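Can you build the whole structure from these sequences, using the hints too?
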Amino acid sequence: MSVEQVAILGAGMHPWGKWGRNFVEYGVAAARDALADSGVEWQDVQFVAGADTMRNGYPGYVAGATFAQALGWTGVPVTSAYGACASGAMAIEAARQRILAGLCEVALVVGADTTPKGFLKPNSGDRQDDPDWLRFRLLGATNPTYFALYAQRRMSLYGATQDDFAAVKVKNARHGLNNPYARFRKEVTAADVDASPMVANPLRLLDICATSDGGAAVVLASMDFAKRHLEKTGGSLSNLVRIAAVSTVTPTFPNTVIEMPNFATDSAAGLPVPDRTFKQAIGAAAYEQAGIGPEDVDVAEVYDLSTALELDWYEDLGFCEQGQAESMLRAGDTTLGGRLPVNPSGGLACFGEAVPAQAIAQVCELTWQLRGTAEGRQAEGARVGITANQGLFGHGSAVLLTK
Amino acid sequence: MGKPQVPAVEGWFTLPGDGTAVLTGTRCTGSGTYFFPPERVMSRAPGFPDSELEEVELSTSGTLWSFTDAQYQPPEPYIPVTDPYVPFALAAVLLEKEQLVVMGQVVAGVGVADLQVGMEMTLVADTLYEDDESEDVMWKWQPVAGGTEAQS
Numbered sequence: 001m002s003v004e005q006v007a008i009l010g011a012g013m014h015p016w017g018k019w020g021r022n023f024v025e026y027g028v029a030a031a032r033d034a035l036a037d038s039g040v041e042w043q044d045v046q047f048v049a050g051a052d053t054m055r056n057g058y059p060g061y062v063a064g065a066t067f068a069q070a071l072g073w074t075g076v077p078v079t080s081a082y083g084a085c086a087s088g089a090m091a092i093e094a095a096r097q098r099i100l101a102g103l104c105e106v107a108l109v110v111g112a113d114t115t116p117k118g119f120l121k122p123n124s125g126d127r128q129d130d131p132d133w134l135r136f137r138l139l140g141a142t143n144p145t146y147f148a149l150y151a152q153r154r155m156s157l158y159g160a161t162q163d164d165f166a167a168v169k170v171k172n173a174r175h176g177l178n179n180p181y182a183r184f185r186k187e188v189t190a191a192d193v194d195a196s197p198m199v200a201n202p203l204r205l206l207d208i209c210a211t212s213d214g215g216a217a218v219v220l221a222s223m224d225f226a227k228r229h230l231e232k233t234g235g236s237l238s239n240l241v242r243i244a245a246v247s248t249v250t251p252t253f254p255n256t257v258i259e260m261p262n263f264a265t266d267s268a269a270g271l272p273v274p275d276r277t278f279k280q281a282i283g284a285a286a287y288e289q290a291g292i293g294p295e296d297v298d299v300a301e302v303y304d305l306s307t308a309l310e311l312d313w314y315e316d317l318g319f320c321e322q323g324q325a326e327s328m329l330r331a332g333d334t335t336l337g338g339r340l341p342v343n344p345s346g347g348l349a350c351f352g353e354a355v356p357a358q359a360i361a362q363v364c365e366l367t368w369q370l371r372g373t374a375e376g377r378q379a380e381g382a383r384v385g386i387t388a389n390q391g392l393f394g395h396g397s398a399v400l401l402t403k
Numbered sequence: 404m405g406k407p408q409v410p411a412v413e414g415w416f417t418l419p420g421d422g423t424a425v426l427t428g429t430r431c432t433g434s435g436t437y438f439f440p441p442e443r444v445m446s447r448a449p450g451f452p453d454s455e456l457e458e459v460e461l462s463t464s465g466t467l468w469s470f471t472d473a474q475y476q477p478p479e480p481y482i483p484v485t486d487p488y489v490p491f492a493l494a495a496v497l498l499e500k501e502q503l504v505v506m507g508q509v510v511a512g513v514g515v516a517d518l519q520v521g522m523e524m525t526l527v528a529d530t531l532y533e534d535d536e537s538e539d540v541m542w543k544w545q546p547v548a549g550g551t552e553a554q555s
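If you read the sequences in order, they're chains A and B.
Heads up: the first sequence runs through residues 1 to 403, numbered per the numbering used here.
Heads up: the second sequence runs through residues 404 to 555, numbered per the numbering used here.
Zero decoy hints are in this set.
Covered stretches of chain A, going by a simulated chain B footprint (3 or more residues, C-beta under 8 Å): (1) 122-128; (2) 190-202; (3) 249-260.
Since the hints were derived computationally from the structure, they do not count as laboratory data.
These numbers were taken from a predicted model, which means no experiment stands behind them.
The C-beta atom is built at its ideal place from N, Cα and C for all residues, glycine as well.
Here is the structure:
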């Protein structure tokens with residue numbers, strides 16, 4: 001199957017950092033940048049989708065309305081989406097659906113966050129029926145605990161080494177050097193990674209992404225609107241980046257990989273295990289929707305919550321066979337200049353995670369990559385790109401872009 | 404000592420009193436799938452919404468699927484056991500019969516250097532934290548003494 005495409009008319013971001021200001025400020029800055037980039041006036045936006053933040057009180061839960069109010073009420077319909085790290089993709093999907101259904105022609109998607117220091121932890125209170133609370137109380141299992149279980153598994157099954165993990169960080173740090181939106185912009189050596197404190201064996205501090213403040217936004221439009229708009233503004237239709245697919249799948253029972261924040265996997269004793277793992281299904285759904293395969297992908301932005309997790313994505317997105325990610329990395333295939341650059345933005349390694357903004361930021365980066373305007377970090381001649389991430393509690397997220 | 408020992412979470416495991424812990428699961432009689440933590444409302448196996456859920460004791464040992472440790476003290480609501488903090492290991496263990504992986508802390512004194520994917524692990528009961536009235540106990544994983552070598 002192949003679904004009708006939606007145009008990305010504009011992309012904008014507020015630089016990532018630890019600014020300590022209200023998240024609304026970052027979202028507004030990103031939205032204004034995206035609107036300016038698109039040439040669409042705020043008063044002409046027909047739908048707003050906000051990606052929620054859970055750590056900034058009520059305005060964070062109703063992000064769509066919060067941003068609409070901050071930009072100046074126009075009566076525009078809004079929605080607010082939450083899917084943990086996948087929130088941004090959910091908000092993009094809400095806007096895309098609205099456009100494809102013919103209910104609007106142009107929509108604004110915004111996500112922004114202000115994060116506390118240190119480990120992400122659950123909301124406070126005594127919540128004995130919340131697995132996210134219980135895993136901290138009963139197991140002391142933080143997010144890096146789960147990343148480390150996957151990393152150790154790669155080492156045991158495929159012979160991955162801590163040097164491989166460090167090489168991912170070194171690559172991404174170099175990619176992000178010239179990205180004006182990245183928070184960490186300096187070279188990192190393997191020795192730096194090795195000298196950083198161990199957090200969750202085998203992962204060290206520099207293997208694990210930080211948490212950041214940041215904001216990202218895109219302006220989406222129907223292809224009809226985009227064509228009319230570009231005619232008016234003298235823009236180039238051939239360089240117009242489009243969304244060919246959005247995947248927001250959940251796992252299929254039985255899910256045999258331990259997922260944050262769970263205590264256990266599903267049982268495979270009764271029903272047959274699905275052909276694809278959850279992470280494999282995330283990319284597969286996007287490819288199927290677009291009628292585009294992994295062999296067509298030129299550039300990717302994947303969720304490197306840990307260095308090792310980036311390697312999992314190479315395989316799960318079909319860039320190589322299971323167990324071959326380290327070979328691909330070592331060959332330089334995923335470095336800028338290689339066959340399929342991964343995380344040309346610098347990834348979470350250079351950004352740190354701003355949860356509701358991150359999946360939108362991935363789409364911003366690929367928009368610039370496909371336009372050929374990613375200065376200092378351009379994947380040459382890229383025409384097809386895919387983003388991927390996974391939010392806890394079973395949220396898949398992938399966006400496939402073409403031009 | 405002398406304080407009553409209570410499971411740190413209700414209905415997920417029992418304490419036979421011999422130092423071990425036994426996980427309480429449920430089994431969907433229609434599909435044969437197991438659930439841990441125990442599902443009590445309805446089977447999550449698609450296609451078996453009305454299937455009966457029977458309470459079962461899960462296997463008390465399995466093979467190590469993966470492992471890590473917590474070198475930094477986890478944030479609240481984790482309750483620190485010692486001051487200063489002492490890192491602990493965590494394990495994800497595959498129960499053969501139930502074909503499910505269960506996480507747990509590894510007993511004190513066993514670190515990642517002692518662990519290898521594929522080795523046999525067994526469940527014990529251990530103190531999670533104490534307050535004035537009781538000692539809250541959790542299941543923890545422990546390598547089987549003289550355990551089998553890794554087979555992965």
